[in-house]
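Asks: Sequence:
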Amino acid sequence: SQYSYFGHEEWKDYAAEVKSLESALMVRGRILAAFEAAEAEPDPDERAAWLTFAVVGGGPTGVEMAGQIGELARDTLKRDFRSIQSRSGRILLIEAADRLLGGFPPSLSKRGQRSLERIGVTPMLNTTVVGVEDGAVTIEPSGGEPQRIPTRTIIWAAGVTASRMATTLGELTGAELDRAGRVTVEPDLTLPGHPEVFALGDMVRVRQADGSVTTLPGVAPPAMQEGRYVAKVIKARLNGQSIGPFRYHDKGNLATVGRGAAVADIKGLHLSGFFAWLTWLLIHLWYLVGFQNRVVVFVRWSFSFFTRGRSARLITAQATQHPSEHRVA
Numbered sequence: 001s002q003y004s005y006f007g008h009e010e011w012k013d014y015a016a017e018v019k020s021l022e023s024a025l026m027v028r029g030r031i032l033a034a035f036e037a038a039e040a041e042p043d044p045d046e047r048a049a050w051l052t053f054a055v056v057g058g059g060p061t062g063v064e065m066a067g068q069i070g071e072l073a074r075d076t077l078k079r080d081f082r083s084i085q086s087r088s089g090r091i092l093l094i095e096a097a098d099r100l101l102g103g104f105p106p107s108l109s110k111r112g113q114r115s116l117e118r119i120g121v122t123p124m125l126n127t128t129v130v131g132v133e134d135g136a137v138t139i140e141p142s143g144g145e146p147q148r149i150p151t152r153t154i155i156w157a158a159g160v161t162a163s164r165m166a167t168t169l170g171e172l173t174g175a176e177l178d179r180a181g182r183v184t185v186e187p188d189l190t191l192p193g194h195p196e197v198f199a200l201g202d203m204v205r206v207r208q209a210d211g212s213v214t215t216l217p218g219v220a221p222p223a224m225q226e227g228r229y230v231a232k233v234i235k236a237r238l239n240g241q242s243i244g245p246f247r248y249h250d251k252g253n254l255a256t257v258g259r260g261a262a263v264a265d266i267k268g269l270h271l272s273g274f275f276a277w278l279t280w281l282l283i284h285l286w287y288l289v290g291f292q293n294r295v296v297v298f299v300r301w302s303f304s305f306f307t308r309g310r311s312a313r314l315i316t317a318q319a320t321q322h323p324s325e326h327r328v329a
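Each residue of the sequence shown is one higher than the one before, counting from 1 in the working numbering.
Derived from the structure by calculation, the hints contain no laboratory data. Check each hint, because a few of them may be wrong.
[Claimed, not checked] Calculated lysine-lysine pairs in the BS3-like style (CA-CA distance at most 25 Å, straight line):
| hint | residue 1 | residue 2 |
| --- | --- | --- |
| 1 | Lys19 | Lys232 |
| 2 | Lys232 | Lys251 |
| 3 | Lys251 | Lys267 |
| 4 | Lys110 | Lys232 |
| 5 | Lys110 | Lys251 |
All chains should be built: construct the whole structure from the sequences, respecting the hints.
Replies: Quick look at the structure:
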């Protein structure tokens, strides 16, 4: 999938995305470079712009990003500068809906919001972005007037649209596409009229046996289940057998909010705080391939946790480049 700019593709030139390892390194570098620039900036207004971080989108990605910036400013960088206080950074989380983490129960949304507020993040709910330019974002609260906010760091995590591959498949096969560009597949995840072509992941929605259409969450677990199902279908066909339609098993939702804090909705069990964060950690370790990988990642995460992410302060070459130079197809 790719982010949707709601008809304003020109905003891409000024907003950074986190859709790949390369773009994540670029975003980290830009955040650290913003603090460095603020340290060297004598003009108070320009310094305030460098210390303002606007994260657009209050879903799991936006919440996790805002939380990480908050932890970085509050703890990791607090002794690194002389002219500025990193804690004075203004971290805005802009969301058009009336609550964060819309895919979670309202009670967990509130807990997540309180956790963000404790680390210095300012959630701006019922607020839409109406303009993005070099050096500023313009927002419009529900029922209010547009407000231009000077900022040198804009991170986009709002709305997704399917990969262009879905549109191509729809054009070639005549398969139905929804407004987000997702292609509709049969119950066995094949394209209509093309049983030899499988499509899966966040570029599809699945037609059920009763004719209804289901859109699954655009995250890794559904895609992993679909991949295993397709492997079974292919194996069954080679053996002259058949299996039933694909069925998604929802194992819950998890989102980190900050250092040692998360929210979790696991089959009706609502968790928050450190225990939810520990659950998030263990589940991610469990799904890594190979025991050695699990050990290595666990050691690295433990080191990062107890040293408060000192290695996160490394500024890479990507930091000096403009967001438009880091578009990944």
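Asks: With reference to the structure, classify each hint as holding or not holding.
Replies: Okay, the hints, checked on the actual structure:
1. Lys19 - Lys232: 29 Å, violated
2. Lys232 - Lys251: 20 Å, holds
3. Lys251 - Lys267: Answer holds: lysine 251 to lysine 267 is near 6 Å, not above 25 Å.
4. Lys110 - Lys232: At roughly 41 Å apart (the allowed maximum being 25 Å), lysine 232 and lysine 110 break the hint.
5. Lys110 - Lys251: Holds - the C-alpha atoms of lysine 251 and lysine 110 are around 22 Å apart, at most 25 Å.
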